[in-house]
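These are the residues of each chain, in order.
Number of protein chains: 2
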Amino acid sequence: MRDFVYCAPTRVVFGRDTEKQVGQLLKDFGAKRVLLQYGGGSVKRSGLYDTVVACVKAAGIELFEMGGVQPNPRLSFVREAIELCRKESIDFLLAIGGGSAIDSTKATAVGVPYEGDVWDFYAGKQQPKTALPLGVVLTFPAAGSEGSNSSVITNVEAGGIKRGLGCDLTRPAFAIYNPELTYTLPPYQTAAGASDIMAHTMERYFTNEPDVDFSDRLCESLLKTIIRQAPVCLKDPTNYEARAEMMWASTVAHNDFLSNFRLGDWASHQLSHELSGAYDSTHGAALAVIFPAWMKYVYKHDVKRFCRFAVNVMGVEPDFFHEEETALKGIAALENFYRSIGMPVTLKELGVPDTQLRELAEKVKRNPDGTVGQFVKLNTEDCLAIYELAR
Amino acid sequence: MRDFVYCAPTRVVFGRDTEKQVGQLLKDFGAKRVLLQYGGGSVKRSGLYDTVVACVKAAGIELFEMGGVQPNPRLSFVREAIELCRKESIDFLLAIGGGSAIDSTKATAVGVPYEGDVWDFYAGKQQPKTALPLGVVLTFPAAGSEGSNSSVITNVEAGGIKRGLGCDLTRPAFAIYNPELTYTLPPYQTAAGASDIMAHTMERYFTNEPDVDFSDRLCESLLKTIIRQAPVCLKDPTNYEARAEMMWASTVAHNDFLSNFRLGDWASHQLSHELSGAYDSTHGAALAVIFPAWMKYVYKHDVKRFCRFAVNVMGVEPDFFHEEETALKGIAALENFYRSIGMPVTLKELGVPDTQLRELAEKVKRNPDGTVGQFVKLNTEDCLAIYELAR
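Quick mapping for you: the protein sequence lines, in order, are chains R and S. Residue 267 is where the first sequence starts when you use our numbering, and the numbers rise one by one after that. Residue 267 is where the second sequence starts when you use our numbering, and the numbers rise one by one after that.
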């Protein structure tokens with residue numbers, strides 16, 4: 267059981283039509299000159315962009331904008347945004363979208379007041395000392411970035427390196443959630459979001475800390491919620507309640523509420539980031555491929571924890587006489603769940619050629635000793651073996 | 267499923283020796299002149315008082331103090347504290363203790379900048395517009411006041427009227443948790459704390475909102491944690507892990523994280539407040555008496571929810587052919603649990619004479635129409651019937 271400091275101060279505004287409160291919220295937080303970042307055309311097609319712009323302007327706030335944030339958001343875009351903020355004396359940032367728009371905005375937030383290059387933070391050379399405040403209108407529940415302290419940026423020029431930053435200064439000041447805004451998400455994105463939310467929870471769940479029963483239970487509650495609600499969202503995309511539970515679970519899974527007392531693993535995220543960085547794989551889809559492979563490779567490290575996962579999350583019958591079998595049934599059930607919601611479970615389905623696995627594995631070094639992960643520390647050969655299991 | 271706004275910004279600092287960070291935390295939050303409130307002699311006997319005072323002074327902060335906060339904290343004490351704050355230009359408040367010290371401090375926080383009498387807020391005549399900031403060193407996990415927006419004050423002069431205030435301005439800026447500080451809690455207080463934490467969760471659990479499965483599960487996780495850890499704390503008072511889970515559960519049960527999407531009931535709290543107000547009953551003990559009686563009186567309103575409680579919280583075997591029986595088994599199991607940890611389950615054990623029940627019931631009017639509660643709206647005769655069931 268570990269000590270912790272926890273502070274998740276984001277003001278959550280949840281319900282129908284809440285996007286219309288964006289102007290007032292910006293005013294409440296003292297915003298005067300705002301840069302809005304968003305992704306593709308969907309927020310324009312849906313009318314959300316027009317609503318937000320009208321509300322912000324009606325609040326008497328000067329609005330600037332940069333559309334075109336890409337999935338696996340790019341360092342080059344962030345650098346442009348930083349330049350614009352400096353030129354226009356922006357004092358508050360706003361993102362419409364999911365993890366990509368929010369992470370791009372977070373990187374901008376720490377980059378603007380920093381005299382060096384913003385990549386320094388993602389390369390682990392510097393830690394931000396100050397940041398612009400930011401707000402979010404959430405349209406895609408997955409990354410959990412709307413409440414978290416983390417962001418992930420891809421450096422395309424450096425060969426598709428995807429790196430994350432954890433920094434409490436980047437927790438949004440407010441986040442607006444209207445589940446109706448997620449009704450039009452394509453099924454694949456809905457499923458990939460579910461996979462991402464589950465992955466954030468499982469990274470925390472698989473820990474070596476003993477006596478963390480309370481947060482174990484909280485993690486299990488969240489995983490069961492996604493397993494229940496993701497299929498509802500796929501079958502009935504305008505089911506408000508299912509969309510709402512997915513949306514709120516997205517935040518809870520990643521704002522560190524589930525981290526208290528625990529040290530998470532995070533190897534599967536890093537193994538997946540290499541796939542997204544090199545092949546632009548959808549993050550949630552990459553995680554659906556990697557997580558079961560990782561589990562098969564490491565479950566013997568703590569068979570009892572995998573039994574708990576199998577029984578308490580995946581609904582496997584408890585069998586104390588056959589623990590290993592119980593553990594494996596849980597992993598198989600997770601794989602089946604991913605399949606059932608239309609996620610890939612092999613690298614082949616993901617479109618990753620199996621000729622490059624060693625090259626990928628060589629890159630997955632995050633710990634000072636060149637390993638990755640905390641539950642089990644994996645070296646390059648371990649990473650390669652997991653990629654091989656995922657073929 | 268209800269809309270919600272949720273913001274629980276308290277900085278949680280959790281672990282051994284964390285009380286020694288109090289000076290630095292006060293400095294981080296800009297405190298210069300601090301009023302410390304605490305209760306009886308236990309914080310002096312344990313050495314905690316000396317540690318805190320030394321840390322605060324070492325940080326160069328001017329410290330004033332008022333000891334002697336009583337259980338069911340008094341309005342008269344709060345008025346004195348407000349006077350002192352004004353006289354000494356206090357800019358930050360600090361509480362050492364549990365719900366009583368914290369609630370007294372919260373009432374002081376809203377009272378200082380208000381030109382009228384602070385009771386106006388608790389009588390529901392006014393809502394605070396501003397408040398002094400406050401911090402907490404927690405010694406008694408129960409009330410959850412260390413992370414909540416609520417406080418309860420007793421007006422002894424007006425005949426023992428106990429009333430609450432919900433106000434986000436009173437959420438502590440920081441809260442310090444060292445589970446070791448709870449090792450010396452007497453068994454009765456430990457058990458009463460467990461009852462209080464469970465009550466905060468059950469008030470939220472029993473709702474008429476459909477489709478709130480995620481927060482149902484979170485509530486169940488918390489209740490099962492207390493049912494597991496309270497007996498450990500009683501048997502092994504220096505069990506760090508069990509004390510830690512109780513301590514963190516205390517906050518989660520009452521900082522509104524479990525309220526999202528739901529409207530809670532709160533009748534049992536009001537029925538209990540009348541007992542504490544008139545007979546100075548320990549809050550958690552009064553709740554242990556009232557909650558099962560309330561359940562027996564209202565369970566027919568939603569037998570299926572009581573079945574869910576019985577099965578998912580109390581471990582009763584699911585029996586879909588006999589729902590009412592299943593529901594009643596859950597209530598009986600809760601009553602047995604309270605007994606097993608040494609809590610009273612009758613008014614007689616609590617020392618409340620059964621001659622005054624009508625007089626008590628007449629006072630339990632909180633809704634505009636004179637009823638109390640939301641899950642089931644209870645009139646005076648209903649309240650009397652519940653008190654009778656609790657005899």
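The hints are simulated quantities; they were obtained by calculation from the structure and are not laboratory data. Take these hints with a grain of salt, some might be off.
A pair counts as met if it fits within one copy or between any two copies, since identical chains are not told apart.
Each computed DSS-like pair below joins lysine-lysine, with the alpha-carbon atoms no more than 30 Å apart [said to hold, decoys possible]: (1) LYS391 to LYS629; (2) LYS310 to LYS490; (3) LYS490 to LYS643; (4) LYS570 to LYS293; (5) LYS501 to LYS570; (6) LYS395 to LYS562; (7) LYS629 to LYS566; (8) LYS566 to LYS490; (9) LYS298 to LYS395; (10) LYS562 to LYS595; (11) LYS595 to LYS490; (12) LYS395 to LYS595; (13) LYS293 to LYS391; (14) LYS614 to LYS286; (15) LYS614 to LYS310; (16) LYS631 to LYS562; (17) LYS395 to LYS293; (18) LYS286 to LYS395; (19) LYS570 to LYS643; (20) LYS570 to LYS490; (21) LYS293 to LYS353; (22) LYS286 to LYS570.
Note that this is a predicted model, so its numbers are computed, not measured.
Item to check | Violating hint indices (sorted, rising) | outcome: Hint check: 2, 4, 6, 12, 14, 15, 22 fail, others pass.
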